[in-house]
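Undergrad: If you read the sequences in order, they're chains A and B. Going by this note's numbering, the first sequence opens with residue 164, and the numbers climb by one from there. Going by this note's numbering, the second sequence opens with residue 3, and the numbers climb by one from there.
Derived from the structure by calculation, the hints contain no laboratory data. All C-beta atoms in this analysis are idealised placements derived from N, C-alpha and C, irrespective of residue type, glycine included. Treat the hints with care, as some may be off.
Below, in silico cross-link-like pairs of lysine-lysine (BS3-like), each with a Cα-Cα straight-line distance of 25 Å or less [said to hold, decoys possible]: (1) K94/B x K254/A; (2) K329/B x K254/A; (3) K334/A x K94/B; (4) K94/B x K331/A.
Calculated from the model, a selection of chain A residues having no Cβ within reach of chain B, i.e. all distances over 12 Å [to be verified]: (5) V195; (6) G198; (7) W304; (8) L323; (9) A345; (10) L376; (11) R393; (12) D461; (13) H470; (14) A511; (15) I533.
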Amino acid sequence: MIAAFFDSIPAMILLTGILVGASGALLGSFLVLRGNAMLTDAISHSIVFGIIIVWLLTRQLSGPVQLIGAAATGVLTVVLTEALARSRLVKMDAAIGLVFPALFAMGVILISLYARDVHIHVDTVLLGEIGFVWLNTVTIWGQPVPVAVATLTAVLVINLGFVLGLWKELKLASFDPGLAAALGFAPAVLHYALLTLTSMTAVAAFDAVGAILFIAFVIVPPATAYLLTRRLWLMLVLSVALSIAACVAGYVLARVWDVSIAGMMASMTGLWFATALLFAPDRGLVAQALQRRAQALDHDCRALVAHLFTHQGTPEMAEENTQRALVDHLGWSRPRARAAILRAHDRALVERQGGLLSLRDKGVAEAELIFGTKGTNRG
Amino acid sequence: MLADLMASQIVRTVLVGAAMLGAISGMLGAFAVLRRQSLLGDALAHAALPGVCLGFLVAGARDLGSILAGAFLTGALAALAMMLITRTTRLKTDAALGIVLSVFFAVGVVLLTHVQATGGAASAGLASFLFGQAAAILASDLWIMGGIGLVALGLVLALWKEFKLVSFDADFARAQGFPVTVLEAMLTIMVALAIVVGLQLVGVVLMVALLIAPAAAARQWTNRLGMMVALSALIGAGSGAAGALISATTRGLATGPVVVLVATAAVLVSLALAPGRGLVWQALSARRARARISDGRILAAMQELAEAHDDPRYPAEQGMLGAALGKAPAPGQFDALERRGLIRAVTHAPEPTPHWQLTEAGQRAARSEEDDKT
Chain A
164 MIAAFFDSIP AMILLTGILV GASGALLGSF LVLRGNAMLT DAISHSIVFG
214 IIIVWLLTRQ LSGPVQLIGA AATGVLTVVL TEALARSRLV KMDAAIGLVF
264 PALFAMGVIL ISLYARDVHI HVDTVLLGEI GFVWLNTVTI WGQPVPVAVA
314 TLTAVLVINL GFVLGLWKEL KLASFDPGLA AALGFAPAVL HYALLTLTSM
364 TAVAAFDAVG AILFIAFVIV PPATAYLLTR RLWLMLVLSV ALSIAACVAG
414 YVLARVWDVS IAGMMASMTG LWFATALLFA PDRGLVAQAL QRRAQALDHD
464 CRALVAHLFT HQGTPEMAEE NTQRALVDHL GWSRPRARAA ILRAHDRALV
514 ERQGGLLSLR DKGVAEAELI FGTKGTNRG
Chain B
3 MLADLMASQI VRTVLVGAAM LGAISGMLGA FAVLRRQSLL GDALAHAALP
53 GVCLGFLVAG ARDLGSILAG AFLTGALAAL AMMLITRTTR LKTDAALGIV
103 LSVFFAVGVV LLTHVQATGG AASAGLASFL FGQAAAILAS DLWIMGGIGL
153 VALGLVLALW KEFKLVSFDA DFARAQGFPV TVLEAMLTIM VALAIVVGLQ
203 LVGVVLMVAL LIAPAAAARQ WTNRLGMMVA LSALIGAGSG AAGALISATT
253 RGLATGPVVV LVATAAVLVS LALAPGRGLV WQALSARRAR ARISDGRILA
303 AMQELAEAHD DPRYPAEQGM LGAALGKAPA PGQFDALERR GLIRAVTHAP
353 EPTPHWQLTE AGQRAARSEE DDKT
């Protein structure tokens, strides 16, 4: 059973994607909340430099040395970027954009000069080879397991331990860094711990999804979850679930269309995000548009009531308190006037007698509320 | 060596192309850096990848015109998506950048693999848009690049005042009735243009460096926008040309990364040496600041002597002050303090040696020095 699972190529590919997604989303949630999402971009690019340096020194493409060595470059990027921004010679955004392309360019040059024959190919660096993760295995308890799966499982356990163990601290430092500092939680230490783990995860995920698609796995599911909930724990659970769903759907579609598996998985996270952006309850674009329409209708309704109240019992009443007056005097379009009248009618504010509109008791009460006058109307 | 290189038609084409690209992206990057939108360039560059593939799919061949048009289109789409996300959700700019960058790139990867699986031999070169492939540039491509460059230059010159205002004080520009949103959109579109120009040479991944590095370097040398834009274009052109030449010397040395490294070196030099701002300059002025502190110590020592003698105008002998401070101050320092009106030279007959007395201002300065210490 277990052997069949680990020997199944699709299972291993899917498992790899899910492990990348889960370990990325756990950290990504905090990065998104803290406004550090683009540091992921910087880290995931510059670990290429670290990976090739460690390879040149040790000739190892994976394993703990590679994991720690290349992750150090990711942290180095953050340190350099922040030092540059602190010098106040360049702004933070420019500092990010100066440091990581430089390290990445150096990595690419080193690869093309010294590592052309090994499997680090510059295209792989960017796109990953999740379809081939099963080729490179390590034997654990007599069972060959893909190296990527073993490494990513270890990373996921570490990330999960970090998030669960420092839950309170992470939560506080993400939402109120000032208070966290004042209470002695050392948000700076937490910040670097988070980014160190992000670097390590990026290195572990590198073979499978490459340097750039990794960003999608870290940022997009948490950002999607952020649109759907305000609870931190739910955001984490949702983002992990969303990335698992993206992996499964992406794998299936990639098989059907014969395209990049990792690319399709990352694209699916984008699809989830677009869906949430449009249809999220309360905060989605559609919900926002509906709310705006309801508010506009409510407002028209109040304007109608006020209008009727002003003219009720006056000589102009016959002319003013009609649908026509709304169009001619208030400049409303005919459908807008109709919609407002219908709404007011539904809410039992007005009644129609022939062509004439008049306020019912509830409408009078509402008008008095609007004008702030209690008692009889002018008339 | 150089003459040999220049004799090659390909090298000359690449050289001119890289220099032109550097000039264009340097010029437009200056505005992006000032508006703190450096990383928008990164997102737009990555977002060009699906456009490259779509251009290829539509044209059915590696036709540069349609590929660049596609890249421009998806770049603009990415900019729109950015705006939509930041304006309608509570996600911060960095998250929006990351989402747009990675998702567009992922779609690009999917399209790329689709094209490669179905497009036959002609699609093989498409992956070169990831890192750029300088050698694939044709002399005719230079005309396209030059044309785009001229359009960008014309726009910058025509809308100079507006762009300047938007870059430094968008709120004020809005209050003055300038169409700020339109102008910002134009600047963004021009960044997308620069990216399109750079696709062939540098590729989508490293293009951001060519937008940021020349501008960040130029910023160190001047506080004037005109000077900065010109200098940025110049540094960009220089980096492009130098990078192209260096990469031509070694086989397998891709032009894009080398150009990026040259531009980064220009930033490092500027950060270190720029007058007034640079790190060397900062170190020098820090040293001067330390010297000024020892001015403060002289005043404090004189104040102590004055208090010990119960005479605020106590004339302190210069050599004695040196002994009190543990080290004799430079003779010029007393003159400098006198020029600042903090001490005055007095004679204390019958001694012929110079004596110094605190002025009112000097006493105040000495007291504030004391306060600082406690």
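Undergrad: Given the proposed pairing of K94/B with K254/A, does the C-alpha separation stay at or below 25 Å?
TA: holds (17 Å)
Undergrad: Over 12 Å to the closest beta carbon of chain B is the bar; see if I533/A clears it.
TA: Holds: least Cβ distance 31 Å, greater than 12 Å.
Undergrad: Is the nearest Cβ of chain B still more than 12 Å from the Cβ of W304/A?
TA: holds (35 Å)
Undergrad: Evaluate the condition: distance from the CB of H470/A to the nearest CB of chain B exceeds 12 Å.
TA: About 33 Å separates H470/A from the closest Cβ of chain B, which puts it past 12 Å; holds.
Undergrad: Regarding the assertion that R393/A does not contact chain B, is the least Cβ-Cβ distance greater than 12 Å?
TA: violated (10 Å)
Undergrad: Would the pair K334/A and K94/B pass a check requiring their Cα atoms to be no farther apart than 25 Å?
TA: The hint holds at about 18 Å.
Undergrad: Closest CB-CB distance from L323/A to chain B, is it above 12 Å?
TA: Given a closest Cβ separation of 22 Å, the condition holds.
Undergrad: Would you check the hint for K94/B and K331/A, treating anything up to 25 Å between C-alpha atoms as holding?
TA: holds (23 Å)
Undergrad: Does V195/A clear chain B by more than 12 Å, comparing its Cβ with all Cβ atoms of that chain?
TA: violated (5 Å)
Undergrad: Can we confirm that no CB of chain B comes within 12 Å of the CB of A511/A?
TA: holds (35 Å)
Undergrad: For D461/A, is the shortest CB-to-CB distance to chain B above 12 Å, so the non-interface label stands?
TA: Consistent with the label, D461/A stays out of reach of chain B, its closest Cβ about 21 Å off (over 12 Å).
Undergrad: Hinted pair, alpha-carbon criterion (25 Å max): K329/B, K254/A. Please report holds or violated.
TA: Violated: K329/B and K254/A sit about 42 Å apart, past 25 Å.
The structure is inconsistent with the numbered hints 2, 5, 6, 10 and 11, although it conforms to all the rest.
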